[in-house]
Every structure is written in C-alpha cells, then in structure tokens.
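Student: Residues per chain are reported as follows:
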Amino acid sequence: MTTFTPTTPDEVLSSIAWAVAEESPLEILGHGSKRGIGRPLQTEHTLDLSKLTGVALYEPAELVLQAKAGTPLAEIEMLLAQNGQQLAFEPMDYGPLLGGEPGKGTIGGVLAANLSGPRRLKAGAARDHILGINVVSGRGEAFKSGGRVVKNVTGYDLSKLMANSWGTLAVFTDVTFKVLPSAETEVTLAVRGLLDDAAASAMALALGSSAEVSSAAHLPERIAARVAGGALGSEAATLLRVEGFGPSVAYRIAALKTLFGKAGPLEEIAGEASQLIWRDVRDCKPFADGSDKPVWRVSMAPSQAHQMVLTLRMQAAVSAFYDWQGGLVWLRMEEGDPEAALLRGLLRKHGGGHATLARAAPAHRAALPVFEPQPPALAALGQRLKQEFDPKNILNPGRMA
Amino acid sequence: MSGLAMPKPDDATMRRRDEIVADMRIIVPGEGVVDAANAMRAFESDGLTAYRQLPLVVVLPETVAQVSRVLKYCNDRNIRVVPRGSGTSLSGGALPLEDAVLLVMSRFNRILQVDYPNRIVVAQPGVTNLGITVAVEQEGFYYAPDPSSQIACSIGGNVAENSGGVHCLKYGLTANNVLGIEMVLMNGEVVRLGGSHLDAEGYDLLGVMTGSEGLLGVVTEVTVRILKKPETARALLIGFPTSEQGGQCVADIIGAGIIPGGMEMMDRPAIHAAEDFVHAGYPLDVEALLIVELDGPGVEVDHLITAVEAIAIRNGSTTCRISQSEQERLSFWAGRKAAFPAVGRISPDYYCMDGTIPRKELPRVLAGMRELSEKYGLGVANVFHAGDGNLHPLILYDANVPGELDKAESFGADILRLCVKVGGVLTGEHGVGVEKRDLMPEMFSQVDLDQQMRVKCAFDPNHLLNPGKVFPQLRRCAELGRMHVHRGQVAFPDIPRF
Chain A
1 MTTFTPTTPD EVLSSIAWAV AEESPLEILG HGSKRGIGRP LQTEHTLDLS
51 KLTGVALYEP AELVLQAKAG TPLAEIEMLL AQNGQQLAFE PMDYGPLLGG
101 EPGKGTIGGV LAANLSGPRR LKAGAARDHI LGINVVSGRG EAFKSGGRVV
151 KNVTGYDLSK LMANSWGTLA VFTDVTFKVL PSAETEVTLA VRGLLDDAAA
201 SAMALALGSS AEVSSAAHLP ERIAARVAGG ALGSEAATLL RVEGFGPSVA
251 YRIAALKTLF GKAGPLEEIA GEASQLIWRD VRDCKPFADG SDKPVWRVSM
301 APSQAHQMVL TLRMQAAVSA FYDWQGGLVW LRMEEGDPEA ALLRGLLRKH
351 GGGHATLARA APAHRAALPV FEPQPPALAA LGQRLKQEFD PKNILNPGRM
401 A
Chain B
402 MSGLAMPKPD DATMRRRDEI VADMRIIVPG EGVVDAANAM RAFESDGLTA
452 YRQLPLVVVL PETVAQVSRV LKYCNDRNIR VVPRGSGTSL SGGALPLEDA
502 VLLVMSRFNR ILQVDYPNRI VVAQPGVTNL GITVAVEQEG FYYAPDPSSQ
552 IACSIGGNVA ENSGGVHCLK YGLTANNVLG IEMVLMNGEV VRLGGSHLDA
602 EGYDLLGVMT GSEGLLGVVT EVTVRILKKP ETARALLIGF PTSEQGGQCV
652 ADIIGAGIIP GGMEMMDRPA IHAAEDFVHA GYPLDVEALL IVELDGPGVE
702 VDHLITAVEA IAIRNGSTTC RISQSEQERL SFWAGRKAAF PAVGRISPDY
752 YCMDGTIPRK ELPRVLAGMR ELSEKYGLGV ANVFHAGDGN LHPLILYDAN
802 VPGELDKAES FGADILRLCV KVGGVLTGEH GVGVEKRDLM PEMFSQVDLD
852 QQMRVKCAFD PNHLLNPGKV FPQLRRCAEL GRMHVHRGQV AFPDIPRF
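Taken in order, these protein sequences are the chains called A and B.
Counting with the working numbering, you get residues 1 to 401 for the letters of the first sequence.
Counting with the working numbering, you get residues 402 to 899 for the letters of the second sequence.
Rather than coming from a laboratory, the hints here were simulated on the basis of the structure.
Some hints could be false.
[Claimed, not checked] Now the in silico label distances, taken between C-beta atoms and shown as ranges:
| # | chain 1 | residue 1 | chain 2 | residue 2 | range |
| --- | --- | --- | --- | --- | --- |
| 1 | B | Pro-749 | A | Glu-75 | 41 to 47 Å |
| 2 | B | Asn-863 | A | Gln-315 | 58 to 64 Å |
| 3 | A | Arg-222 | B | Asn-863 | 57 to 63 Å |
| 4 | A | Asp-337 | B | Thr-464 | 39 to 45 Å |
| 5 | B | Ala-708 | A | Gly-193 | 50 to 56 Å |
| 6 | B | Val-515 | A | Leu-195 | 25 to 31 Å |
| 7 | B | Gly-804 | A | Ser-210 | 51 to 57 Å |
| 8 | B | Thr-720 | A | Glu-184 | 42 to 48 Å |
[What the hints assert, rightly or not] Under the rule of at most 25 Å between Cα atoms (straight-line distance), these lysine to any residue pairs were calculated in the SDA-like manner:
| # | chain 1 | residue 1 | chain 2 | residue 2 |
| --- | --- | --- | --- | --- |
| 9 | B | Lys-761 | B | Gly-824 |
| 10 | A | Lys-257 | A | Gln-315 |
| 11 | A | Lys-392 | B | Met-884 |
| 12 | B | Lys-629 | A | Lys-392 |
| 13 | B | Lys-630 | A | Ala-255 |
| 14 | A | Lys-122 | B | Arg-593 |
| 15 | B | Lys-776 | B | Ile-747 |
| 16 | B | Lys-571 | B | Ser-732 |
| 17 | B | Lys-473 | B | Asp-436 |
| 18 | A | Lys-262 | B | Gly-824 |
| 19 | B | Lys-629 | A | Leu-266 |
| 20 | B | Lys-761 | A | Pro-181 |
| 21 | A | Lys-178 | B | Pro-759 |
| 22 | B | Lys-761 | A | Leu-266 |
| 23 | A | Lys-144 | B | Gly-682 |
| 24 | A | Lys-144 | B | Ser-732 |
| 25 | A | Lys-144 | A | Ala-56 |
| 26 | A | Lys-144 | B | Ile-747 |
| 27 | A | Lys-104 | B | Glu-602 |
| 28 | A | Lys-386 | B | Ser-732 |
Glycine included, C-beta positions come from ideal geometry on N, C-alpha and C.
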C-alpha cells in the first residue's frame with residue numbers, strides 16, 4: 001500500500017509509468033472531497049495530487065488562469081475574487097453533502113467531475129470553460145491538448161473528453177481555464193408558495209423572458225427552510241437570480257416583478273443573502289444531513305421534472321428540489337433504498353437524461369451503477385476510448401462501472 | 402492544386418466504381434445518387450476553392466437508416482467516405498477524395514421540434530444556421546452562434562467545425578450551445594449523445610464530436626439551445642492612432658468587467674478597403690478601428706456605452722461614434738461584414754487565415770506580419786475578433802501570376818507559426834481541414850497527435866471517414882495500440898516515494 005505524492009508533472013509521469021510497468025492500478029486522488037462518488041475502489045496504490053500545486057499563469061485582462069492540477073479550488077477562487085473575477089460555472093462543493101469538510105477540492109477534480117452550479121443554465125459547466133490541459137494517460141504518456149486562448153479548433157478537444165472522466169482516462173497535471181468578471185450586483189427574486197407544477201411554469205416563463213435570469217431553482221415547502229440558515233422560512237420558494245450592472249439588475253428585477261405580480265408573494269433578496277442562498281442550492285445543502293440516505297442528481301428536460309417527481313412520489317418516499325429551471329433534480333430517498341431501477345425507468349419515460357447516485361452507502365455503490373447506464377453502442381464506444389487511453393486499466397479501475 | 406499530398410486512391414475501390422454506384426442507388430433510391438462528372442462538379446470543392454477534386458460518387462441520403470446503411474456498406478468494403486454539409490468550410494474539410502463517397506447531408510433540412518418551455522430546437526443537420534433563428538424569431542428567440550456564412554452553412558457543419566461568429570465572446574461557440582446530437586458511426590451504429598438535458602453522463606463525447614471535422618461520425622440530428630433576443634443593441638465605432646492603443650482599449654474594457662456582445666478590430670488596409678467599398682463613414686486617418694457592440698436591456702446598454710466611451714478616450718481614441726439608431730448600428734457593421742468582398746475588390750485573390758493569439762500579443766503579431774508582408778512582397782489586411790484574439794489576416798495575391806498562390810500559402814503558414822510562437826493556435830474557428838493539416842506539428846508533438854489519433858481509432862479504426870484531413874500523417878491504429886513498456890527501464894524500478 002503506497003501513496004505516491006508527486007510535486008512535479010515529471011513525477012506524475014514516472015509514478016504512472018511505474019504503475020503501468022507493474023500493472024498495478026492506482027486510485028487518483030486530489031483532496032478526496034468526491035471520493036464517496038462512484039463505485040468504491042480497491043486499488044493497492046494511490047496517486048495523491050494534492051502536492052502538485054501552484055498557479056502558473058493568471059492574466060486577468062486575458063481572462064485566463066493556468067494551475068497545477070492539485071491546486072486547491074478555494075485558493076484559486078480567492079485569487080480570482082481579489083481581481084473581481086470568478087469561475088463563472090460556479091463549481092459545487094460536494095463536501096457538505098458527502099459528510100466531508102466544506103471548501104475542499106482541487107482544480108483538477110473540478111474538471112474530472114465536470115462540476116457546475118446554479119449558473120449552469122447561462123454560463124455552462126467546467127467543460128465549457130476549460131481551454132487546455134496537460135495530462136498523463138494510462139499508457140504513461142504525457143501530452144497536451146488545447147491551449148490558453150478561447151477560440152481554438154486546432155485538433156480534437158481532448159479537454160472535453162477528459163471532463164467528467166473521473167480520472168479513468170488520464171491524470172491532469174496542468175489545467176487552463178477561461179475566467180470571467182464577477183457580476184457587480186446580484187439580486188434574487190423569490191416567488192413564494194408555488195406548488196411544483198406552477199413553479200415549473202414560472203421558471204420557464206422567467207427563462208423565456210429577456211430578463212436574463214442566470215439561475216432558477218425551486219425549493220418546495222420545508223426544503224426552503226434548509227438553505228441560508230433558515231432565512232427563507234419554510235414556505236416554498238421559487239428563486240430567480242439576476243446578475244449584472246446595478247441599473248440593469250434593477251430594471252430586470254422590475255420586469256420580473258411585473259411578470260409575476262399575481263403568481264404569489266414576491267420577495268427581493270440582494271447581495272450576500274442572495275449569494276448564501278445560491279451557495280446552499282449549489283452544494284445541495286438541504287440534503288447535507290450527515291446521513292448516508294441515498295441522494296440522486298438527475299439531469300433532464302426542465303419541463304418534465306416535476307411530473308417525473310410526482311410519479312416517483314406515488315411509489316417511494318422522496319424529498320426533492322429543483323435547480324436549473326428544473327433541469328437538475330436533487331432527490332433524497334427517505335427509506336434508504338436507492339430505487340435505482342424505478343427512478344431510471346421513470347426518467348426514460350419523461351424525456352430521458354441521466355441519474356447519478358451522488359450519495360449512497362458503499363454497499364449500494366458497489367451493487368448499483370452509480371452513473372447512468374448507457375445503451376450498448378455508446379457503452380462500447382466508451383470502452384474503446386478507455387482501451388485507447390488506459391489499456392491496462394491502471395487509472396481508477398471500475399470507478400465509472 | 403499546390404503540393405498537398407492526399408491519401409493515395411485505393412485501386413480496388415476505383416475498379417469497383419460502377420458496382421458501388423449501383424449499390425448506392427439501391428440504398429438511396431430516386432435522385433439521391435449523382436455519378437456524372439458534370440453533375441458532380443458542383444461538389445468538387447468547398448469554401449477553400451484553391452483545392453478541387455471530383456469524388457467517386459455523390460450520395461444524398463434522406464433518412465438516418467440510409468446514412469447508416471451507406472456507412473456500414475463502405476466500412477465493410479473498405480471504401481472511404483467524406484461527409485459534407487453546405488460546403489462552406491474555409492479549410493477544405495469537405496474536400497472530396499477521388500476514391501471516396503461524398504455523403505451530402507443537404508436533404509436533412511427539416512426542423513423537427515421547437516420547444517419554448519425548454520428553449521431548445523431539434524433540427525436535422527442540413528438546416529442552415531440562420532434557419533434555426535428564422536424558425537423561432539416570431540417568438541423573440543434566436544440561436545446565438547452566428548458564423549458569417551450563417552445564411553448558407555448547416556448546423557451539422559457547425560457541429561463538425563465548432564463554429565463561432567462575432568457574438569461568441571459573450572454567447573459561446575457551437576460547443577457551448579449544442580445540447581445533443583444523434584450520429585452514425587462508420588460501422589453504421591446510431592448513437593445519441595445528450596438531448597434535451599444538460600451535460601453528458603460518462604465521457605463527454607458530445608464535446609469531442611464538436612469540432613471533430615467529420616472524422617468521427619456523421620451527425621443526423623442536432624439539439625440546440627435558443628435564447629431570448631436581447632431587448633436592444635448599440636455599437637461604438639472607435640478609431641485609434643496605433644494598434645497598441647486599440648489593443649489596450651480592448652483589455653481595459655474586459656478589465657472593467659464588461660463582456661460586449663461583439664468586439665471587432667480592423668487595421669488600416671482593411672479599413673480603407675471596406676470604406677472604399679461600402680462608404681460606411683469609417684475614419685481613414687486611424688491605424689486601428691474598433692467596433693464594440695453592447696446588447697441587453699436599454700438601461701444596461703446606455704450604462705455600458707458611457708463606460709466604454711470613457712475607456713476609449715482614456716486610451717487616446719481620436720474618433721468615437723455611438724450609434725443613435727438601429728440603422729446607424731448596422732452601418733458600423735456594414736464595413737466589417739463586407740471586409741472580405743471589399744478586399745476582393747482591391748486584389749484579384751485573397752487568402753484568409755484564422756490564427757488565435759493572446760490579445761496582448763496583437764502589436765507584436767501585427768509588426769511581425771508587416772515584416773513578412775515585405776519579405777513575401779504580398780499585401781495583407783487584418784480583421785480581428787478582438788475580444789477573443791481570433792485574427793483573420795487576408796493575404797492579397799493574384800492566382801494568375803505563377804508562384805503567387807504558393808507564396809501566399811507560405812506567407813500564411815509563417816503567420817500561423819508566429820501565432821503559435823506567441824502562445825496562440827493555428828485555427829480559431831475555420832478548422833484544420835487540409836489547409837492547416839501539415840502545420841499541426843508546429844503546435845503538437847508526435848505524442849500529442851497520437852492521442853488525438855487514439856480518439857479517431859475508437860470511432861473509426863480503419864481511417865475511412867474523411868481521411869487526409871486534420872492529421873498530417875495517418876498511423877495504423879493497431880500500431881498505435883501497442884504498449885511500449887519496458888520493465889526495469891522506467892525511472893523508478895522500485896516503488897517511488899516523493
């Protein structure tokens with residue numbers, strides 16, 4: 001049982017080259033903040049990237065930042081904030097949900113899990129902001145893809161291939177991200193007391209207006225009390241976030257108020273209070289209860305989400321809330337059974353998408369496909385890619401199985 | 402054609418041409434197979450007209466089943482296939498091969514679904530980019546990526562090339578606006594990636610497919626995100642005595658937290674050519690002209706116009722006009738949008754390049770281009786997506802003068818080498834195709850290129866789909882698949898501890 005702790009890309013390369021030669025699989029680890037996701041690994045050795053750190057390049061005027069893969073996300077976010085910038089895709093922090101410390105996670109892990117947040121609708125996910133990577137494949141080959149500029153179609157976009165690959169194709173040594181200015185002003189309009197179906201209509205109406213809503217979430221009754229330290233109270237809250245320059249935000253909030261004048265009681269939440277709400281929505285705080293009750297993260301067509309949840313409720317005890325206009329559904333299975341077949345069957349009937357078992361006891365994760373099973377032709381294609389980049393199954397073997 | 406080596410035609414395929422044409426007629430009955438040389442002439446090149454080649458046969462399928470059967474047939478018989486959308490590629494991505502079936506997707510021209518609550522449109526790949534906007538504009542929506550060929554280029558081609566446009570600084574490229582595709586692999590298998598939901602489960606193959614230049618699969622359906630049209634848009638037309646000042650102004654606008662809807666720069670030769678052509682009222686005594694467009698609610702646009710104007714003045718602008726009407730805004734754009742034909746008026750031919758550079762390197766790259774221009778004795782005019790560093794140098798030459806095309810191509814290659822040298826890339830939005838294929842080693846090592854080839858091998862192990870494009874050298878997948886592991890020769894024969 002050995003832990004390799006490389007501090008340079010060359011050391012990453014030699015560690016993997018050794019593992020390939022020995023045919024000895026490695027668990028690829030940053031801070032371990034997402035270790036509880038995916039099939040539990042049983043590798044003899046660990047490749048710990050938490051000492052491969054440092055921001056190599058940050059040019060605010062060029063909107064670009066390059067860092068070693070093990071650089072703490074928190075450090076990068078602080079550096080960006082000092083320059084009025086941010087990772088616009090708002091990477092979520094799995095720590096609270098998975099019973100770990102908040103504020104952990106590396107920039108490499110952000111890409112490996114393709115993290116995003118409530119601004120996903122408008123700003124995309126990590127995959128939409130990655131400009132270039134340096135990696136070492138499971139063949140022990142160091143290579144690069146992409147670059148440091150936004151517009152680049154030179155060769156295949158291997159950065160995107162590696163996004164959401166959970167360390168099963170290659171190990172990042174350096175990542176280069178596009179960064180963006182933070183919004184000057186943020187205001188959230190909360191429509192109170194809506195049932196799920198009315199909330200779905202309200203969110204669609206808001207997103208289809210020219211108010212440029214950057215995030216839309218619906219917290220049903222009681223769930224609402226579990227964000228921002230209870231500041232919202234327990235009445236259902238449909239949350240619409242508007243960001244930008246002051247006069248524009250004021251104008252767009254006014255437009256939304258006109259739109260929803262009769263929908264229910266309206267509340268305006270500004271500044272830090274708004275940021276706190278969205279951070280908790282992002283981090284799935286309502287289900288961060290210290291338990292290991294199964295929690296699903298479901299990506300689907302927004303307009304179908306509440307119907308899928310309604311049908312599910314008839315057959316299982318679940319708590320649910322919605323982000324991304326309903327396109328992201330968080331579900332907690334109250335009776336402890338993940339009900340994977342039931343949920344995935346309903347998802348297929350409601351326009352398709354994918355359901356990831358974001359939290360579950362190791363026994364469930366070992367027995368069930370944590371990631372959405374793919375149709376045979378697609379699964380075979382994925383397998384061929386794995387074979388190309390990691391033919392000896394050295395990197396996180398079985399994690400995505 | 403200048404000295405571009407394409408894969409050697411396969412003799413067995415050439416000998417069986419009649420049989421293949423007959424079989425294609427069985428798979429795609431009716432008018433969907435074109436084999437007469439004069440009729441195939443229309444397909445002999447794409448937007449990169451310096452290269453021409455008649456295909457083996459042109460096939461225009463109408464259904465996904467036909468696409469699947471054509472590809473499976475060709476895969477089983479080792480016949481090459483070149484997919485084509487509208488043929489507007491500027492890098493020769495759809496250049497036919499003598500021994501390849503040219504698979505033209507233009508009959509896939511229907512919008513399949515418009516879904517306003519989820520803000521998506523599902524379209525067949527032959528629908529034009531603008532056709533999507535046209536389908537939803539009565540409800541006030543549009544599709545954001547707007548390559549300048551948008552009236553003709555197909556959405557399937559946009560996926561293949563990861564097309565951009567002047568608005569991609571704020572609204573992203575094709576990759577950021579496509580939610581799903583259906584595609585057919587070379588072996589005939591039909592797979593769906595994504596759909597009306599966000600992000601992929603498993604590897605992001607949608608991300609890989611976008612910009613893969615028709616080498617990995619044939620797209621048969623595309624799901625895109627549509628957006629509500631901004632309430633208003635206004636533009637500033639700003640002139641600077643030097644390109645450095647223009648470049649600094651761009652940096653300062655972004656530094657102030659402003660991401661304009663579009664931000665374009667032109668150099669003196671481009672300004673003069675455009676002004677002579679469309680009389681847009683461009684100032685002629687400046688070295689750099691910047692068009693900054695701001696869109697959104699009126700109150701936001703007014704607020705930002707004031708901010709940008711102040712930044713321009715701080716950077717020594719000598720002229721700054723602010724559009725007071727939609728007509729005036731369009732007149733600012735008229736010269737920029739006509740820049741290519743305008744340059745076409747002052748030179749018999751021009752060759753359009755497409756490198757991207759870190760913005761701060763603009764003065765250095767422009768100076769380098771002036772030196773190269775003298776060295777080669779050819780003029781160059783520059784239009785520049787200033788916000789994202791994407792340069793379009795237009796090299797002026799005369800194809801009727803022996804050797805000038807070769808000279809223009811060498812000049813272009815030197816410009817791209819310069820882009821790579823300053824930290825940029827070979828192509829920002831036009832693709833590698835055949836045009837920049839042999840320059841790939843300027844940017845990538847053999848090991849880097851091998852990894853891209855590995856992706857190719859997972860999708861199309863026999864190199865039958867669009868061969869001769871993107872990769873300077875084809876390597877057999879079996880050879881790439883070998884592991885080169887030598888026990889005892891790695892740096893740490895024992896367990897290393899750092």
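Student: Could you say whether the range 58 to 64 Å given as a hint is met by the Cβ separation of Asn-863 (chain B) and Gln-315 (chain A)?
Tutor: For Asn-863 (chain B) and Gln-315 (chain A) the Cβ distance comes to about 48 Å; the hint is violated.
Student: Under the criterion that the straight-line Cα-Cα distance not exceed 25 Å, is the pair Lys-178 (chain A), Pro-759 (chain B) satisfied?
Tutor: Status holds; Cα separation ~12 Å.
Student: Mind checking the alpha carbons of Lys-630 (chain B) and Ala-255 (chain A) for me, to see if they're no more than 25 Å apart?
Tutor: Roughly 15 Å separates the two Cα atoms, so the pair holds.
Student: Lys-761 (chain B) and Leu-266 (chain A) were given as a pair; does the straight-line alpha-carbon distance stay at or below 25 Å?
Tutor: With a Cα-Cα distance of about 46 Å, the restraint between Lys-761 (chain B) and Leu-266 (chain A) is violated, given a limit of 25 Å.
Student: Has the given pair, Lys-144 (chain A) with Gly-682 (chain B), been kept, meaning a C-alpha gap of at most 25 Å?
Tutor: violated, 46 Å
Student: For the range 51 to 57 Å, tell me whether the beta carbons of Gly-804 (chain B) and Ser-210 (chain A) fit it or not.
Tutor: Holds - the Cβ-Cβ distance for Gly-804 (chain B) and Ser-210 (chain A), about 55 Å, lies within 51 to 57 Å.
Student: Need the status of pair Lys-761 (chain B), Gly-824 (chain B): alpha-carbon distance at most 25 Å?
Tutor: Within the cut-off at roughly 11 Å; holds.
Student: For Arg-222 (chain A) and Asn-863 (chain B), compare the CB-CB distance with the range 57 to 63 Å and indicate the outcome.
Tutor: Holds: the Cβ-Cβ distance is about 58 Å, inside 57 to 63 Å.
Student: Can the restraint linking Lys-144 (chain A) and Ile-747 (chain B) be considered satisfied, given a maximum Cα separation of 25 Å?
Tutor: violated, 41 Å
Student: Is Lys-144 (chain A) close enough to Ser-732 (chain B), meaning Cα to Cα at most 25 Å?
Tutor: Outside the cut-off at roughly 43 Å; violated.
Student: Given the hinted pair Lys-761 (chain B) and Pro-181 (chain A), is their alpha-carbon gap at most 25 Å?
Tutor: Roughly 18 Å separates the two Cα atoms, so the pair holds.
Student: Would the pair Lys-144 (chain A) and Ala-56 (chain A) pass a check requiring their Cα atoms to be no farther apart than 25 Å?
Tutor: holds, 16 Å
Hint compliance for this structure: hints 1, 2, 5, 8, 10, 12, 18, 22, 23, 24, 26, 28 are broken, all remaining hints hold.
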